[in-house]
Structures are given as C-alpha cells and as structure tokens.
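**Q** Residue-level listing of the chains:
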Amino acid sequence: MGKLYKFLKYFFITFWAVFVVAPFLWALTTSFKDFNSVNGGATYIPWVDFEPKLEGWRVLIKSPANGGVDIIEPYFNSLFVTCTASLISIVLGTLSAYALSRFTFKAGFVKNNDITFFFISQRIMPPIVLSIPFFLFLGAISLLDSLIGLIVVYIVLLMPIAVWIMVDFFNKVPREIDETALIDGCNPYQAFFKVVLPNSIPGLIVAGMFCIIFGWIDFFFAFILTFTEVQLLPVKIVALNSSITPWWSLSASALVSVAPLIIVAFIVERYLSKGNLSGAIK
Amino acid sequence: MNFKQKYVFLFPGLFVLIGILIFPIIFVVRLSLSGWNSYNGLNFIGLENYIRLFTDDPRFWESFFRLSFLSVTTVILQYVIGFALAHMVWKDIKFQRFFRVLFLIPMMTTPVIMTVIWRTFFHESLGPVNDILSNFGMSPKWLTDPVLAKVTVIIVEVWQWTPFMFLLLLAGLLSLPKEPFLAAAIDGASPVRKFLYVTFPLMAPISIGAIIIRLIEASKIMDTVYVLTSGGPGTSTETSSFYIFIKGLREFQMGYAASMSFTYLIIMIISLTVIVKVLTKLMLKD
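Line order of the protein sequences matches chains A and B.
At position 139 of the first sequence the residue is numbered 139 (our numbering), and the sequence of numbers has no breaks.
Heads up: take any position in the second sequence, counting from 1, add 1000, and you land on our numbering.
I should point out that these hints are in silico values taken from the structure, not numbers from a laboratory.
Bear in mind the structure is a predicted one, so any value in this text is a computation, not a measurement.
Mixed in with the good hints, there may be bad ones.
Mimicking DSS-like on lysine-lysine, the simulated pairs with C-alpha atoms at most 30 Å apart in a straight line are [claimed, not checked]:
#	chain 1	residue 1	chain 2	residue 2
1	B	Lys1277	A	Lys111
2	B	Lys1178	A	Lys111
3	B	Lys1006	A	Lys9
4	A	Lys111	A	Lys9
5	A	Lys194	A	Lys106
6	B	Lys1091	B	Lys1194
7	B	Lys1281	B	Lys1178
8	A	Lys106	B	Lys1004
9	B	Lys1194	A	Lys6
10	A	Lys172	B	Lys1006
11	B	Lys1091	A	Lys111
Please model the entire structure based on the sequences and the hints provided.
**A** Encoded structure:
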C-alpha cells in the first residue's frame, strides 16, 4: 500500500468524521447560548466567544405554562408508538418470514417469492400516497389524532423491514435444525419456538434495531395524522422552528431526541463486527 | 417441508398488512376519479383529473424531474462515498470501531430534527458556514438561491443517508469469501487491480441491492425539503411528494391529489423496474 494512498485514506476519513460531527457540535454549543450570543453572529467556543447559559436546557423541563417547551410527553408518546409498532411488526413479521423461508406456498401463479415481494414492496409506496386515505380512514373510525391510529400506520411502515431482514436470516439458518427437531417428535410450533427462535436472536436484534430506527425517525405520518391530542417528538420540535426561532432550546431538544438512538449505532456496529449482520442484510 | 400449520405462521402478518392497506389503496383509486373537496363530498367525474394532470399541469412533471435529479444525484454520491468509507474501515485501520460507529450515527438521527439544525447551520447571517466563508469574502445564500438550495438539500441528504449505504456495503464486504483475495495476493496484484478485478465484481450484487434500497427511500424525500426550504425558493426544491402534499392537504383538492399519487406510484414502479434491469446488466456482465 503506497504512502500516498495511506495519506489520502486518513485525510478522507478525518474529513468525513468532521463533517459527521459538525452539526452535533454546532447544536451543542448553540444549546448553551442565549438571545444575544445567537443574534450577534456565529460563535463557537464557550467562555471565550460567548457566556454559556443554561436557558436552552432549562426550558425543556419547565411546564408550558411557564414558557417551557414540554417535550416530555411527546418523548414518551414517540417511545410508546415506536416500541409497540416495532414489537407487533417483529412478532408478525418473524412468523411470516419463517413460513416464507421454510414452507412452500402456491396459489395460482403466486409463489413464495411473490409473497415476500408483496411484503417488501410496501416500502416503495410513497408516504404521501397513503397519507390522504389514511387521513380519511382514521377519521372515519375516529382514530385520527390518537396513539393507536399511529401504531396501525407504523405497522405498515415497519413490517416490510422485519420481513425483509428475517427472511434473509432464516434462509441462512440451516434447515437441519428444524428437521432434527421434527424427527425428535416436536410439532412445527415447538420446532419453531424451542429450536429455531433461540438460534435467531442476532437476526431478531438487527430487525428490531431497524424497526426502531425507522419508526423513531418518521415525521411525515405523525405530522399529518396528529394535531393536538397526541404529539410525537419530531412534530413537536419542528413546531419550534417558527419565524422567531429560539435556537438554544431547539438545539437542546434536538440533542435530547437524537441521543437514545446513538446507543442503537453501538449495537448495530457490534453485530456488524461479529459478522451477524452480513447474513441479515443482502 | 409441508404442514397445515404453515398458514398459521404466514397469515397473521399477511392479513394484518392487507387489512390495513386494502381500504386506502382502493380509496385512492376511487378518489382519483372524483371531484372530491371538503364542500360537496364525493362525486364521480371519470378521468377528468388524469386528463388535467397529463395535459395541463407542468408543475407536477417539473417536480417529478426535480425529484429524479435530486434522488439520483444523492444516491450516486452516497454510493461512491459510502463504498469508499466502507472500504477504508474494512481492515487495517486505527480506531476501527470508533470510525465505524461514528459513520453510522447520522442514519440513527431523525431527519427532520437534524434538518432543523442544518437550517441554523446554513443560516445566511448567523450560521457558522457563512461565518467561515465570510473570511474569504463570500456569503452564499444557501437556502434562498434556487441553485444553492438544491445543493443544500443534497448536502443534507448525503450527510443523513450515506451511513445507510455504508452499513449495507460494509456488511457486504465483511461477508466476502477470503479465497479470491488470497489468489490475487499470490498473483501479486496491485491494490488498484485488486479492487477493480476482485472486490468490485464480488460486491456487484450487494451494490445493486443497496442502490435500489436507497433509491426507493430517496424517492420519498420530503421531510428534509419541508423543513429546509418548504419547496422554495419558488418551486426550485419542490419534489413530487411535496407538490401532492400541497394540493391534497393544503389546498384540499383531494381527488386531484389522489390521481397524482396514483400516477406517481405507477411511474415509480415502472422506473424502478427499469433501473433494476439496467443496473443488473451493467454490473453483472457475465
């Protein structure tokens, strides 16, 4: 490997690392500013460039009546919707994926691959296409602006991901495992729950992580299908982005909302290093 | 294997998905044939919406070509950068785990929330980018110039989604067999030749998969545009989704919006099928 290549490699990696970190650092410094230090032009280093204030962080825990931002309730709403929808998607998706990976289905010209494609192809559907009918549909059964309504919609978003990852994963789990269990006298349910499932933990974790990521980062459906009763975190934070934006509390709440998923990055990387993800993603 | 129980495994998921989707999809088709608005309900008007869309609405087609331009550009950039990064942290590098985690982080963050931060980042007078550029006597209008606004959207999209490409490609690299590399090493192939004749061909199927997945997701660009520019200045960053959103849920021309949605969905399915065919032909020569 040439010296030039090595130099270019480290240069590029450093450059990209700075690019990745830049908005986070900017948000972090901004969150400690107040009106004067924001409107005086860009400043970077606390104590040198500007006097750090805790105002941006303090409003997060104040009640709205005292001029606070109140992101606690949206935070838990987001957490609840994401986790419930992910769980339902994983359970249903894993069962379907197992069936599609192990058994043969045939109904006319529809075969296993077509059913798998049907599941996965739901990701192609642009959110806007679904949003208008969902808006009217949920309105008709009075689930508009409710947590349950959002969970129903998120299942459509997340189940394709669960099926996609789990079908690939089960295809990599040797068939001998369930065949041996069946010969030993298990029925198909026991073979699945007692033998196959315990061997599929890595796949389940990866699928779960992906469902959580794509559930947590959704803005569009939450934005269109909820108004006042229920607010999710992204909608709440974007609502702060008005004409007279309080950049400090905006930055602080953005950092708080982004934080939990950074743990997910560590988990995904761990499974990547062990080589488990390579089976799950293809 | 064949058991009666197989249906018990498959059907819950399948029927839940169909059950949730069947009404919306039928309804979009029905709505697209109607002059529905909030005042006089659903009235059948045949193909009028489609005729209007195909003969009298250049804005829709402009937004579609803009979307194609934006998504293809961002996906190409993401693929090149993502592949380069994945290849660089694949082996022998210091702080390998640190860089891998760091490069994954942007995709874990909520696009709209980070876009709010990017908006302050690119702010014309108070943001750090123009603060640094002003030392060189420049102050580009990142969000209000028609061309630069597109560049800003591309920068933010590349920041947000290159990690996803990076993840898929790194997982692919880690799963490659070792033998071809040993053979190349024995033949004394240079790093460049090794990449061109061993790594890249082996990665072709994974590359196609990753590009298609990203194209599907990129075609939904909406959050970023909504927060960053709201489609502006003028209509210079307006994408199809955003235009349908304006017509349907801002101006409440739901019937017309539904016909646009349906047309858009059909075009997407056709163009993605064509892209898959072309990519497969280009990258898998044998």
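**Q** Now look at each hint and say whether the structure bears it out.
**A** Comparing the hints with the structure gives:
1. Taking the CA atoms of Lys1277 (chain B) and Lys111 (chain A), the gap is about 21 Å. The hint holds against a cut of 30 Å.
2. The suggested pairing of Lys1178 (chain B) with Lys111 (chain A) is violated, with an alpha-carbon distance near 35 Å, which exceeds 30 Å.
3. A C-alpha spacing of about 51 Å is found between Lys1006 (chain B) and Lys9 (chain A), which places the hinted pair above 30 Å, so the restraint is violated.
4. Distance restraint check for Lys111 (chain A) and Lys9 (chain A): the Cα-Cα separation of roughly 47 Å exceeds the 30 Å cut-off, and the hinted pair is therefore not satisfied.
5. Of the supplied pair hints, the one linking Lys194 (chain A) and Lys106 (chain A) holds, its CA atoms being roughly 27 Å apart against a limit of 30 Å.
6. Straight-line distance between C-alpha atoms of Lys1091 (chain B) and Lys1194 (chain B) comes to about 15 Å, which keeps the hinted pair within the 30 Å bound.
7. For the hint pairing Lys1281 (chain B) with Lys1178 (chain B), the CA-to-CA distance comes to about 26 Å; that is within 30 Å, so the pair holds.
8. Taken as a hint, the Lys106 (chain A) and Lys1004 (chain B) pair is honoured in the structure, with Cα atoms around 13 Å apart against an allowance of 30 Å.
9. For the hint linking Lys1194 (chain B) to Lys6 (chain A), the alpha-carbon distance of about 16 Å falls within 30 Å, and the restraint holds.
10. For the hint pairing Lys172 (chain A) with Lys1006 (chain B), the CA-to-CA distance comes to about 19 Å; that is within 30 Å, so the pair holds.
11. Proposed proximity of Lys1091 (chain B) and Lys111 (chain A) is contradicted: the alpha carbons are some 41 Å apart, above 30 Å.
When held up to the earlier numbered hints, the structure conflicts with 2, 3, 4, 11 and fits the remainder.
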